[in-house]
Amino acid sequence: EAGVAQSPRYKIIEKRQSVAFWCNPISGHATLYWYQQILGQGPKLLIQFQNNGVVDDSQLPKDRFSAERLKGVDSTLKIQPAKLEDSAVYLCASSLEGGRYEQYFGPGTRLTVT
Amino acid sequence: QQQVKQSPQSLIVQKGGIPIINCAYENTAFDYFPWYQQFPGKGPALLIAIRPDVSEKKEGRFTISFNKSAKQFSLHIMDSQPGDSATYFCAAIKNYQLIWGAGTKLIIKP
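Chains A and B, in that order, give the protein sequences.
According to the numbering used here, the first sequence is numbered sequentially starting from 39.
According to the numbering used here, the second sequence is numbered sequentially starting from 3.
It is possible that part of the hints are untrue.
Said to hold, decoys possible - Which residues of chain A face chain B? A few of them, derived with a C-beta cut under 7 Å, are:
id : residue
1  : 79
2  : 80
3  : 81
4  : 129
5  : 143
6  : 144
7  : 145
8  : 146
Derived from the structure by calculation, the hints contain no laboratory data.
Just so it is clear, the structure is predicted and the values come from calculations on it, not from any experiment.
Don't be surprised by glycine CBs; every beta carbon is placed ideally from N, CA and C.
Taking the hints into account, I'd like the entire structure generated from these sequences.
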């Protein structure tokens, strides 16, 4: 079974630029999560989708972050404009509907904002 | 805000030793407690999980001990190996929300 795919794996941008990350969840997984993981900390949930609807985006900085999950499969997370404090690993995870503790994570995208 | 406090921040153990990682939570309403293992450059992977009505769960060399009255739970790794070197996260789940501990960086020395 293929795992969660993410791209790119690494990205370096200057502050005030924009960036987008892509995630392809495990086939059949209805729930998709985007997390931000700052070095030395646990992941922080940014947004959770159930199929193509948003379940929780309470911790998403909506003035600069946006995410979509068209057709309930792939998802993109965008940051515009980026700030220095956005430097982190952005993790995508997916789970079967209702399997909220059995989240399967992708390798992440390491973002460096200079 | 609900929190999960994890300790120690880092841990070095000789091969064959039994590292113990502790977590404490502040809300009695959590309904599941998973542990994740994360290797450098990889996403976290579910290692083992326990419900609050169970006091202990074993899977291979990994054991979770759960103390509901003290609101504490811990991970023990038996016969630890250098390949177990990773960052371990405890977590607690309630209402689709996964609350993470800060993580423990474990190093197993050969």
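Each hint tested on the structure:
1. About 6 Å separates the beta-carbon of residue 79(A) from the nearest beta-carbon of chain B, less than 7 Å, and the hint is met.
2. Interface hint at residue 80(A): satisfied, since its Cβ lies 3 Å from the closest Cβ of chain B, which is below the 7 Å cut-off.
3. Interface hint status for residue 81(A): upheld, as the beta-carbon distance to the closest one in chain B is roughly 6 Å, under 7 Å.
4. Hint status for residue 129(A) relative to chain B: holds, with the closest Cβ pair at about 5 Å, below 7 Å.
5. Checking residue 143(A) against chain B by beta carbon gives a least distance of about 3 Å; that is within 7 Å, so the hint holds.
6. A cut of 7 Å between beta carbons decides the hint on residue 144(A): the least distance to chain B is about 5 Å, and the hint holds.
7. Against a cut-off of 7 Å between C-beta atoms, the interface hint on residue 145(A) holds, since the closest Cβ of chain B lies about 6 Å away.
8. Checking residue 146(A) against chain B by beta carbon gives a least distance of about 5 Å; that is within 7 Å, so the hint holds.
Taken one by one, the earlier hints all hold for this structure without exception.
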